[in-house]
Every structure is written in C-alpha cells, then in structure tokens.
Amino acid sequence: MGSPEGYSLADRAVAAVTKQQGRWALLTNMHLCLPYFRTLDRKLPTHPQGNFKLFITLDIEACSGQALPDTLMKSARILMFEAPTGVRPSLQRSYAEVLLPARVQRGPVERNRLHFLLAWLHAIVLERVRYAPVGWTKEFDFSEADLSCAVELTDKWLDEALEASSSSEDNPTKRRLINIDPAKIPWEAIRTTLIDVVYGGRLDNDTDREALTSIVEYLFSPKAYHKDFLLNPGAVDGDGVLLRVPDARKREDFLTVIDTLFTGKPTPQWVGLQPEVENYLKARRAGRCLAMWLQLRSFDVDFSMRFGRKLALALQNDTEDAPFISHKHLKEILSRQVREIRSLNDMANKESQEANSSKETIRIMDSHFFATMDSDVEAMLAYIGTKQEGLARSVAALVVRAQQAGLIDQDNQPPNGMLNSTLTQ
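In terms of UniProt numbering, the sequence shown has 259 at position 259, counting the first letter as 1, and numbering is strictly consecutive.
Hints in this document: simulated from the structure, not taken from any laboratory. Keep in mind it's a predicted model, so treat the numbers as computed, not measured. Glycine included, each C-beta is placed from N, C-alpha and C at the ideal position. Hints may contain errors.
Claimed, not checked - Pair by pair, the computed Cβ-Cβ distance ranges are:
#1 Pro89 <-> Ala62: 19 to 27 Å
#2 Pro186 <-> Arg288: 27 to 35 Å
#3 Glu210 <-> Arg130: 15 to 23 Å
#4 Glu278 <-> Tyr7: 39 to 47 Å
#5 Arg130 <-> Asp41: 29 to 37 Å
#6 Arg103 <-> Thr46: 43 to 51 Å
#7 Pro186 <-> Pro133: 31 to 39 Å
#8 Ala145 <-> Arg12: 45 to 53 Å
#9 Glu278 <-> Ser143: 19 to 27 Å
#10 Arg285 <-> Thr71: 28 to 36 Å
#11 Thr260 <-> Ser3: 26 to 34 Å
#12 Ser8 <-> Glu217: 45 to 53 Å
Stated by the list, open to error - Straight line, CA to CA, 20 Å or less: simulated PhoX-like cross-link-like pairs of lysine-lysine:
#13 Lys43 <-> Lys19
#14 Lys138 <-> Lys282
#15 Lys74 <-> Lys53
#16 Lys227 <-> Lys184
#17 Lys184 <-> Lys223
#18 Lys43 <-> Lys74
#19 Lys227 <-> Lys250
#20 Lys53 <-> Lys43
#21 Lys53 <-> Lys19
#22 Lys156 <-> Lys184
With the hints as extra help, turn the sequences into a complete structure.
Quick look at the structure:
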C-alpha cells in the first residue's frame, strides 16, 4: 500500500475474496495510505461469505495523532507486536533476520567480523533513537531494511577487494583467497556508503551526521581486526569489563558471544552517551505520561483543563533543549508555571458565573492545592537535587495530593494504580 496502484489492487482483492467462500486477504503498510484506510469499512460487505478474513498491518507509531476508522477498529481483533529494545536483542534480531547462514558462509574469514561490526553499528543507531533528542535530535525511522542494505553493499565492496587480491601478481595460482589483509578492505568506500547512503540518508541535520560519522569512522578501520579493539571506549559489560570485539571467526561463535557477553543491563555508555541520559529519559517519559493522562480528564471547568495542560507540559516542553537540568533552572520552570496557573485562576474567578460545581472546583483548587504548591515545589526540588531520577516519584506524589484534595476522582483513575506504577518505574 501507499501508491495508486496499491489502492486499485486492494479494491480488486477485497472485492474478490468477499464474493468467494473461505478466501483471505492481506493489506500491508496501511499507515502509508490512511485516507484509503478510513474508507475501507464502506467497501466491506455487511455479511461476508463463509470464512472470509481480512488482515491489515500498519505501524502504529506512524499513525500517531491521526484518526483511524472507528467502525473497523472496533469490529477487528487487534494484535500489537513490538520488538524488544536493547543492544543484545538488536544483535540477535540482526543475525536471525539479516545475517543468515547462506549470506555469511563464504569467504573470506574476515567477512564475519565485518558483519558483526555492521550489526553492532545498527544496534547503536536503533538504541540512540530511544534517547532522542539526545541520542539523535529526533526519532528517525531506522529499520532492519537499513541493515540489509548496509550488508549488501559492504559485501559488494569486500567481494571486489577479494577479487582484486586473487588476481594480483602476488597470487600466481590465481586461486580464490580464504583470507584478506584488513588493510586491503576498501574502508573508505564502506564508510562513505554507511554515512552518505544507508544511515546518513535518513538524517537531515549536521549534528546527527557528525555523530554518525564519528561512530562509523571509529568502528570501520583496520584497527577493528586487532585483538583488543574496544567496541566503544569506556563502555563496560555487566561485570565491569570493557566491551571488546569478539575474538571469533564463525557465525556460530559470534552468536555464542552475543548470548554470553551482553547479558548484563545495557547502559547509555554502550551507545556512546553519558550515564545521566537514562535519568533524563525517565523524566521525559513521566512528563509525557502525565500530560496525556491529564488531557484525558473531563473536569467541569475549562480552566481545569488549562491547569492540567500547564502543569503537565511544564516538564515536557521546557526541558526539550536541555538534557540535564540544573536545580536553579528547574525551580524557575516550576515557579513560572505556578504564577501562570494562579493568573488563570484569578481570571476564572472573575469570569466564571456558571454552575455551582464550577465554582466549587475552583475553590478547592485555591484552598487545597495552591496553598501548598510552594512547599511541594521546594520538596520536589530538594529531592531532585540529591537524586534526579526521583522526578517521576515526585510527580506521582503531586498526583496523589491532587487526588486527596478532590481534584481527581478516584473512581475514574486508571485500573490497578497504572498511573502511579508507570510514573515510579
């Protein structure tokens, strides 16, 4: 899907299978044609023949913020599949889906280590997406197709270098070599392909391109075949041992190393980031969660919704450009939000002459929440000053205080304390 030809083919396929018993149809990549997807339910029969089934695949992230057909979504059985994140699952997935035995069971021996370096680079690229806008400036849509393209082009460069070495004057028998000198591998061509074509083709700014260039230039050089070559200087495994390139020659050996070496909890240092980035990621996740949750609340007064947005987006919007927030800067952010909320409260008191429930809501806010806001802010800042990952718990504490003050209806909160558990993880 995604092209005009796909629309006509889909129409014919759906029309054909709905008229015959026991036929199935599969429409893939429906996120590329959402306007067509919204009209699909009108093209389906009310009473289909026999065991008719229609399968639809789409990337839910690509549909973020866009409307999906309600009728079709409610009547469908929805299955969500999400690949596990992390360096180790990414390496395992690369060998299971791209670096298959048929691809790697050919010379020279150096090809296996080159493939591992490509898989390691791909794992770094994917993992840094999780830490956007620190890892990359935005969440670029990298996929296994990028790795497949990188392996295909790198194999092409390696085959040409191997052919040239086999035909050279120092190989009088003109036999096909099972080894190649790492210095004769066309590193410059491989680096240019990865930076300008494969992964760099998705980047749209100099900052990300410089980060990618530094990673590729470090990994893809003759030094990568040294015994003590570090995959990332300063990165250690679960036992505190520096991560070195596996001393392996076969695909099976690399798989064994992946299953044993990368068993510890991954850290941002594995992908070239500082350890504090994990705290920043938790803080942004908590802010986003609270923002989405408060925007779903249906208070009686429009002011309350504005209040929820201001409070929830304080940490989300004001911290986008600063991955590490100082105590002073965070205090300024929260103090500014308190002043704006109080200003909105004064306007609401002057303008609101509506239902008693609206007045009661504003009165509760003024008497129970704002009276203790300053102390809550100071408590939050003191806690964050000593342990920044406590930000999520502090936000959860504010939610509990608002719940006790009557701002949040306990009967309508997420089941099983979902909100609090999410914020505190």
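Sort out which numbered hints this structure fails and list those numbers smallest first. 2, 8 and 11
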